[in-house]
Amino acid sequence: MAGGLTDGLSPSASAQFAALRRRYVAGLASRWTEIATAGDRQTLLAALHRLAGSAASFGFERLGQCARDAEARVAQGNATALAAALDELQTEIVRIA
Amino acid sequence: MRSLQRVMCVEDDPDIRMILEFSLATVGGYDVCMCAGGQLAIDQATAFKPDLVLLDVMMPGLTGPQTLAALRSQPGMTGVPVVFLTAKAMPDEVEELLQYGATGVIVKPFDPVTLPVDIRIYWEHGGGRRID
Numbered sequence: 001m002a003g004g005l006t007d008g009l010s011p012s013a014s015a016q017f018a019a020l021r022r023r024y025v026a027g028l029a030s031r032w033t034e035i036a037t038a039g040d041r042q043t044l045l046a047a048l049h050r051l052a053g054s055a056a057s058f059g060f061e062r063l064g065q066c067a068r069d070a071e072a073r074v075a076q077g078n079a080t081a082l083a084a085a086l087d088e089l090q091t092e093i094v095r096i097a
Numbered sequence: 001m002r003s004l005q006r007v008m009c010v011e012d013d014p015d016i017r018m019i020l021e022f023s024l025a026t027v028g029g030y031d032v033c034m035c036a037g038g039q040l041a042i043d044q045a046t047a048f049k050p051d052l053v054l055l056d057v058m059m060p061g062l063t064g065p066q067t068l069a070a071l072r073s074q075p076g077m078t079g080v081p082v083v084f085l086t087a088k089a090m091p092d093e094v095e096e097l098l099q100y101g102a103t104g105v106i107v108k109p110f111d112p113v114t115l116p117v118d119i120r121i122y123w124e125h126g127g128g129r130r131i132d
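Chains V and C are the protein sequences, given in the same order. Mapping the first sequence onto my numbering, position 18 (from 1) lands on 18, and the numbers just tick up by one. Mapping the second sequence onto my numbering, position 2 (from 1) lands on 2, and the numbers just tick up by one.
When the alpha-carbon atoms are kept at most 20 Å apart in a straight line, the in silico SDA-like pairs for lysine to any residue are as follows: (1) C:Lys-88 <-> V:Glu-61; (2) C:Lys-49 <-> C:Met-34; (3) C:Lys-88 <-> C:Ile-106; (4) C:Lys-88 <-> V:Ala-75; (5) C:Lys-88 <-> C:Pro-65; (6) C:Lys-88 <-> V:Leu-45; (7) C:Lys-88 <-> V:Ala-72; (8) C:Lys-88 <-> V:Gln-65; (9) C:Lys-49 <-> C:Trp-123; (10) C:Lys-88 <-> V:Arg-73; (11) C:Lys-88 <-> V:Asp-69; (12) C:Lys-88 <-> V:Gln-42; (13) C:Lys-88 <-> V:Leu-44; (14) C:Lys-88 <-> C:Gly-37; (15) C:Lys-88 <-> V:His-49; (16) C:Lys-88 <-> C:Met-58; (17) C:Lys-49 <-> C:Pro-81; (18) C:Lys-88 <-> C:Thr-103; (19) C:Lys-88 <-> V:Thr-43; (20) C:Lys-88 <-> C:Pro-14; (21) C:Lys-88 <-> V:Arg-62; (22) C:Lys-88 <-> C:Gly-101; (23) C:Lys-49 <-> C:Ala-25; (24) C:Lys-49 <-> C:Ser-3; (25) C:Lys-88 <-> V:Val-74; (26) C:Lys-88 <-> C:Thr-63; (27) C:Lys-49 <-> C:Ala-70; (28) C:Lys-49 <-> C:Arg-120; (29) C:Lys-49 <-> C:Ser-73; (30) C:Lys-88 <-> V:Gln-76; (31) C:Lys-49 <-> C:Gly-79; (32) C:Lys-88 <-> C:Leu-62; (33) C:Lys-49 <-> C:Ala-69; (34) C:Lys-49 <-> C:Ala-36; (35) C:Lys-88 <-> V:Arg-41; (36) C:Lys-88 <-> C:Asp-13; (37) C:Lys-88 <-> C:Val-107; (38) C:Lys-88 <-> V:Ala-46; (39) C:Lys-88 <-> C:Gln-66; (40) C:Lys-49 <-> C:Gly-29.
Rather than coming from a laboratory, the hints here were simulated on the basis of the structure.
If we strip away everything but chain V, and leave its shape as in the complex, we get (with noise of 0.2 Å):
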């Protein structure tokens, strides 16, 4: 993954990443919402697979790292580590937003 991911794109192409980027984090509240409530091992997995997914994509390589950090921790089963990464995680957003 390059790390300046705009480098090279037009003024307008630019403008428009910046914008994607403001919807992306926007919609973070509710991706977290998702990651907290999840009832489920499977639903809470989805999630973070999710964001895991997508972040770097829009320049958020640190919130991908957490996301996938927090979805090993699930398939480990180790409930405090899995919850000293969600807190990072959570960080990381709230450092965003």
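Fit chain C to the known structure of chain V by using the hints.
Just chain C, lined up with the frame of chain V:
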């Protein structure tokens, strides 16, 4: 050989559809047909006549592999290259996806600036190379 111009995308996640549209239409300059699910893609494939299909693997309803199998039976779709889009990236999983008859596998998250070139490489060379 036709040039790569018409790209059909099949993806259930609205965030990914949004960035795919930007990547392929705005950055890549392709004509894009965006489908939110496999059945929509099957319904629209013959009319849109895609040069390449970018197909999500895990979707509610028809999965990517099921959609690929159904697309192949549509008129004019037999030889159209299909590239899977997946967040799963283990080598054995990639091999399994290629065995469904896909030309390649692109791993999410993808770089929206380089994706137009990545799919062109699959279009030009085919053969199941993996790009990530």
